[in-house]
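Protein chains: 2
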Amino acid sequence: MGMGLWQTCVKLAMIWYTNRMKENKKMTVLTGDRPTGRLHLGHFVGSIENRLKLQDEADTAYYMIADVQALTDNADNPEKVRNNVIEVALDNLACGIDPTKTTMFIQSEIPEIAELTVYFLNLVTLARLKRNPTVKNEMQQKGYEEDVPAGFLCYPVSQTADILFAKANTIPVGEDQLPVIEQANEIVEKFNRFYGGEVFQKIKTIISETPRLVGLDGGAKMSKSLNNAIYLSDSSEEIERKVGLMYTDPAHIHVEDPGHVEGNVVFAYLDIFDTDKAGVAELKKQYEAGGLGDVVIKKRLIGVLEDLITPIRERREYLAKDPKKVMEILREGTERAREAAQATMQEVRSAMKINYF
Amino acid sequence: MGMGLWQTCVKLAMIWYTNRMKENKKMTVLTGDRPTGRLHLGHFVGSIENRLKLQDEADTAYYMIADVQALTDNADNPEKVRNNVIEVALDNLACGIDPTKTTMFIQSEIPEIAELTVYFLNLVTLARLKRNPTVKNEMQQKGYEEDVPAGFLCYPVSQTADILFAKANTIPVGEDQLPVIEQANEIVEKFNRFYGGEVFQKIKTIISETPRLVGLDGGAKMSKSLNNAIYLSDSSEEIERKVGLMYTDPAHIHVEDPGHVEGNVVFAYLDIFDTDKAGVAELKKQYEAGGLGDVVIKKRLIGVLEDLITPIRERREYLAKDPKKVMEILREGTERAREAAQATMQEVRSAMKINYF
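So the protein sequences, as listed, match chains A and B. End of the first sequence = 357 in this note's numbering, gap-free, step of one. End of the second sequence = 357 in this note's numbering, gap-free, step of one.
No lab work stands behind these hints: they were computed from the structure. Do not take every clue at face value.
Because identical chains cannot be distinguished in the list, a pair is counted as satisfied if it fits within a single copy or across any two copies.
[Unchecked claim] Keeping only pairs whose Cα atoms sit at most 27 Å apart, straight-line, the calculated BS3-like set for lysine-lysine is:
(1) K80 <-> K221
(2) K167 <-> K101
(3) K80 <-> K353
(4) K167 <-> K284
(5) K130 <-> K284
(6) K285 <-> K25
(7) K204 <-> K190
(8) K325 <-> K285
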């Protein structure tokens, strides 16, 4: 081999290596919503805000409407899932998700996810699935025990497929979802070990630092099923009514009485949504000293939430007038996601030696 | 509505109904093999003979090479599965499976099966899966317990998808596989109840009446893993050697001694494979009376098996010379199967309300 050829080889190898490194450093983010209801403020602070930031930071951003996952515990109510696909799309678009930056797609339209799910199911034992703390906890909440639908028990495997079909490597999660990603990474490790290669990378998490938003009743997290939520599509009247119902301090009967800030839902919300932190601190002092009524702090919160939700609601109403256009956005995004899925499946088939034709 | 129009309506309804009835009466059969090794005489009497009969009787016949199912307990050995795809295809073609009558296809090339599997998983509980006697039994044999791969535990669901993607309505099974079809029919029932309609029909079974073929050692069924099998591709020398090893009657030491027919593997095989029933009955009498040596009955069996296997082996060797042609047969069959799969998925998507675009 002449020196010239040798140098060319070294150069080519370096180019290959540099590209590979660049590729590995590329940030591909995937987030999603289950289409089981309109989105509320809990979703906004818990995931949408994050998603908005990430669509600018990531090299590639996917947003998935997880209808297949929604069906795992709504198999008998496909109508509900169907109807909410457009609702969650509207919520996200209204909040500022930009379909030119974020590939928005519908899970059930990517059959490659089902294929990966089936293959990944071989890489996980029943014992491991049952040990997953997230699933265990959700199963308890739903009172499932051994009567859990198999699809629900297996949803961390399906979620692994959701992430990996797109070769997403960065997933923003709440603390409670960490075990699902841990399980996904075990699947990545096992897949690469069995099918020798580097088809998939380990998944990194970005832990959402936003505190969980309590419900209007203060007792639990905001959730549709607990009927304690303020929706991103709520009218001014509904916001007013719901803030009016908010739990404050039952011992704070007269305006003159000193009130408690701790556990007071109105202050919890002001802490999160009111940008005038100094103003809120001042109010807290007054409230604790006595002489500040609930009406005043509730009015302030109503104003803050109105400022946040009104532009979202208005964009939402505007977009909702042309549902065909929204579906067209989803169709285009789904097409792009499908291309990524097909490219991944080709690699998977080759690694698993199931590329027959 | 004029009388003419009314009569037309009645006529159309009757045509529709008659077609529907015809359709329901059409017999679509699906059978398959797991590509984990060459096929042996146990497969021949247990399923191939049946399959040959059915390819003429059925309106439509599918033969599936179940590589996805083989991977549920061979996930770490894709090479083995890959290599055996062509082996089982060769075995079946050599036995007389006719690709113009039977659509031969590879499971992993039909992604719709994975999609159906994922949706069907929502219609089955973990408790129900664990209760399935067939799975329970196989799990015990493999010593799996809770460490069973999730994919293996779920294989009856995957098998339901194998059958239903093609709208197969008639499945020949061994007695031991009945619980799998029972579970499949529960899925059919639940699917039709949830997604209102008649997308799928209940599956009928044809119970194979052939006795289970014992292994050479007489102790258990013929099986590759027990190393007690005579393969459809075995050479004359191997057949001779294996029949030579066959368990007969350990008490039958001298030719003059009376021998036992019960539990004698040579007679068990002669009962199944020797068409001269009167001749076999005569031999049994002599053997029991004493004066008939093992050598004689073994020679006879060698002849009978040679007559059966030689033409199969020769056709097999001929076909094996052109593996590309075999793969082409599978490719064509897979294409046809894929068309059926896509038509079914369209109906499923419409019923499940996941037909978005």
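How the hints compare with the structure:
no. : hint          : verdict
1   : K80 <-> K221  : within (22 Å within a copy, 51 Å between copies)
2   : K167 <-> K101 : within (17 Å within a copy, 42 Å between copies)
3   : K80 <-> K353  : between (40 Å within a copy, 10 Å between copies)
4   : K167 <-> K284 : neither (47 Å within a copy, 67 Å between copies)
5   : K130 <-> K284 : neither (45 Å within a copy, 57 Å between copies)
6   : K285 <-> K25  : neither (48 Å within a copy, 80 Å between copies)
7   : K204 <-> K190 : within (17 Å within a copy, 39 Å between copies)
8   : K325 <-> K285 : neither (50 Å within a copy, 85 Å between copies)
Checked against the numbered hints listed earlier, the structure breaks hints 4, 5, 6 and 8; every other hint is satisfied.
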